[in-house]
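This is what each chain is made of:
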Amino acid sequence: MSTTKRNGGASFLRSLLNAWSWLFLILILAFFEIYAQTQTGSTFLFRVYNLQSISVAASQILLLALGLTLVIVAGHIDLSIAFSTGFAAVAMALVVRAAGDDPGLAMVLLALIVGLLAAGIVGVVNGWLVAHLDVPSFIGTLGTYGIARGAALIVAGGATVSIRSDTVRSFGNGEIWLFPIPVVIAAVLAIGCHYLLAHTRFGAHTYALGANRASVERAGVDVKRHLMLLFIISALTAGIGGLIYTGRFSAGAANAGEPILLYAVAAVFIGGASLTGGQGTISGTVIGAFIIAVIQFGLVFSGLPPYWQFVAVGLVIIVAVLVDQSKHRVTGDRS
Amino acid sequence: MTALLEVKNLKKRFGGNEAVKDVNFEVNAGECVVLAGDNGAGKSTVIKMISGVYTPTAGTVHLNGELLTGKSPEAVRNAGIETIYQDLALADNLDPGLNLYLGREISRRVMGLPFLDRKKMREDAARVMKSLGITVPDPAAPVREMSGGQRQAIALARAIHWQAGLVIMDEPTAALGVPEQREVMALIERMKQQGVGIILISHNLPDIFAAADRIVVLARGVVAGVRRPDETNDEEVVRMMMGATL
Ligand SMILES: Nc1ncnc2c1ncn2[C@@H]1O[C@H](COP(=O)(O)OP(=O)(O)OP(=O)(O)O)[C@@H](O)[C@H]1O
Ligand SMILES: [Mg+2]
Chain A
1 MSTTKRNGGA SFLRSLLNAW SWLFLILILA FFEIYAQTQT GSTFLFRVYN
51 LQSISVAASQ ILLLALGLTL VIVAGHIDLS IAFSTGFAAV AMALVVRAAG
101 DDPGLAMVLL ALIVGLLAAG IVGVVNGWLV AHLDVPSFIG TLGTYGIARG
151 AALIVAGGAT VSIRSDTVRS FGNGEIWLFP IPVVIAAVLA IGCHYLLAHT
201 RFGAHTYALG ANRASVERAG VDVKRHLMLL FIISALTAGI GGLIYTGRFS
251 AGAANAGEPI LLYAVAAVFI GGASLTGGQG TISGTVIGAF IIAVIQFGLV
301 FSGLPPYWQF VAVGLVIIVA VLVDQSKHRV TGDRS
Chain B
1 MTALLEVKNL KKRFGGNEAV KDVNFEVNAG ECVVLAGDNG AGKSTVIKMI
51 SGVYTPTAGT VHLNGELLTG KSPEAVRNAG IETIYQDLAL ADNLDPGLNL
101 YLGREISRRV MGLPFLDRKK MREDAARVMK SLGITVPDPA APVREMSGGQ
151 RQAIALARAI HWQAGLVIMD EPTAALGVPE QREVMALIER MKQQGVGIIL
201 ISHNLPDIFA AADRIVVLAR GVVAGVRRPD ETNDEEVVRM MMGATL
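Line by line, the protein sequences give chains A and B. For what it's worth, this note's numbering labels the leading residue of the first sequence as 1, then goes sequentially. For what it's worth, this note's numbering labels the leading residue of the second sequence as 1, then goes sequentially.
Okay, chain A solo, but in the shape it has when bound (with noise of 0.2 Å):
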């Protein structure tokens, strides 16, 4: 969590470690730029294209891996996100597929709002499930995970619900000076949840609660309140992830979330969270999400049959783990 210098033998060796995921995103970056240049003559790194394209992929783990990454510090775990994407994406489409072709700016502001809301609904459930009701969070998401999975295809009809609106339309697919929307608004929410984290007593206390409740809870801080906010933080994330992809493909699916669940998990342990609590940091998140996306987009510039990212991405978060480990070794932390 602390930055700053630290005294005794280790240092060094520990600041390395810490440093893996941007040494290893580096190293990545660096293989496929050598290969584009030997193997085709081109460039890996140097295009607009492929830099936009790497970012899109990562805002779309991030969304889902930002809130998460909150859960997972307060040592809980969020599996229905897959199905917050979905279930706002299709709530979403929705709304502007009732409103006719060409819905004007407030049909369109109104549909984000339903989409948020009924991410924020599982939020609420996964919350009052965890928090007051003290049901293991890993249970309790999984069952959201099948409620609101089968939510959203009971409201979607079991099929995708396509739409037809430019303003929707512009908003997935727009940008902002070379930057997508998609990227923009992951920023700032990637932006605003590191400030809760590290810079507010919501985030101390979402440290403190992920190594010892009872520290939290002797200190006067209302454990319940916080868990609940937590879950509702990870479903909204989860939620904006949903709206952005009925913005970038007209089209809400169900199904949204689910095949980018993985990566994201996998982003906030490969950037220094343990399933345990008590660690991780947005930033961390931050990079995990980009090593995926370079790992994903860059087998698929290579010309290697996609199938290799998700055995790559696997290697990669048996790494993060093994890393995590020899820190702990290094540091002779008692945990």
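Take these hints with a grain of salt, some might be off.
[Unchecked claim] Output of the computed footprint for chain B on chain A, the stretches with three or more beta carbons under 8 Å from beta carbons of chain B:
#1 123 to 129
#2 189 to 200
[Claimed, not checked] Facing chain A, a subset of chain B residues (Cβ under 10 Å, in silico):
#3 G40
#4 R77
#5 L90
#6 L98
#7 G112
#8 L113
#9 R158
Just so you know, the hints here were simulated from the structure itself, not pulled from any lab data. Small disclaimer: the values here were computed from a predicted structure and weren't measured. Glycine residues also receive a C-beta, built at the ideal position from the N, C-alpha and C atoms.
Keeping the supplied structure of chain A fixed, place chain B with the ligands upon it in accordance with the hints.
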């Protein structure tokens, strides 16, 4: 002058089991009272009634003349009694500053937005710890990297910083090595010098004699005897601890 803490005729019944029958004692400011007694004598039950975790079946607890009986643990803490449990309840991944301020963190505003003032909280923690004779090598390091004695000091620093008049410690040295036990005994001495009253629960005779101004021996839920360390010895204390059970 009234005592800092006054415990009168405390009684606690769990179903048919009368765990505490009739306990009376006082603690003055700057004084360390040791609650000694065999397993099951009722020591933990007595301090839980003081800290508000249990409601006594009968009897009263007064702090500075004010009735505490029936108040919530939260209210008792705000009234100035800090209880340090064996597990310490620290957030191991945070620095001493945040642990000191947990739940009452301070922020400074940057462009209207509150940002945690980590620097100020670290400085305060280092200062309070120093008053307890502990130098924190790296105030930004998480407290899990500290020794058992230093961690105990953080829990005590919290009590001092928030101006607790009375600190209750349930077997603070039980899980510690010998040097760290010494550290904790030195901490207790410094707390006393700062005018804080202390209730210490201990099984360990050398600790009892080193720290106590008065030894209150419990046996089977009643006070078997009260002694100053200089008017008694190991044998008598052990005899009183066993006495009522024979
Ligand atoms: N919550 C409870 N419900 C029922 N009985 C209890 C409860 N808490 C304590 N007791 C009983 O009260 C008696 C005193 O227990 P207490 O924990 O106060 O002893 P102690 O002096 O702290 O012992 P130790 O040295 O082992 O910690 C014991 O017989 C115990 O079984
Ligand atoms: Mg006990």
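Each hint tested on the structure:
1. 123 to 129: violated (count 0)
2. 189 to 200: With 3 residues closer than 8 Å to chain B, the segment 189 to 200 of chain A meets the three-residue bar; holds.
3. G40: violated (24 Å)
4. R77: Hint on R77/B: holds, closest Cβ of chain A at ~8 Å, below 10 Å.
5. L90: Status holds, d = 6 Å.
6. L98: holds (5 Å)
7. G112: violated (12 Å)
8. L113: holds (7 Å)
9. R158: holds (9 Å)
In the structure shown, a violation is registered for the earlier hints numbered 1, 3 and 7, in ascending order.
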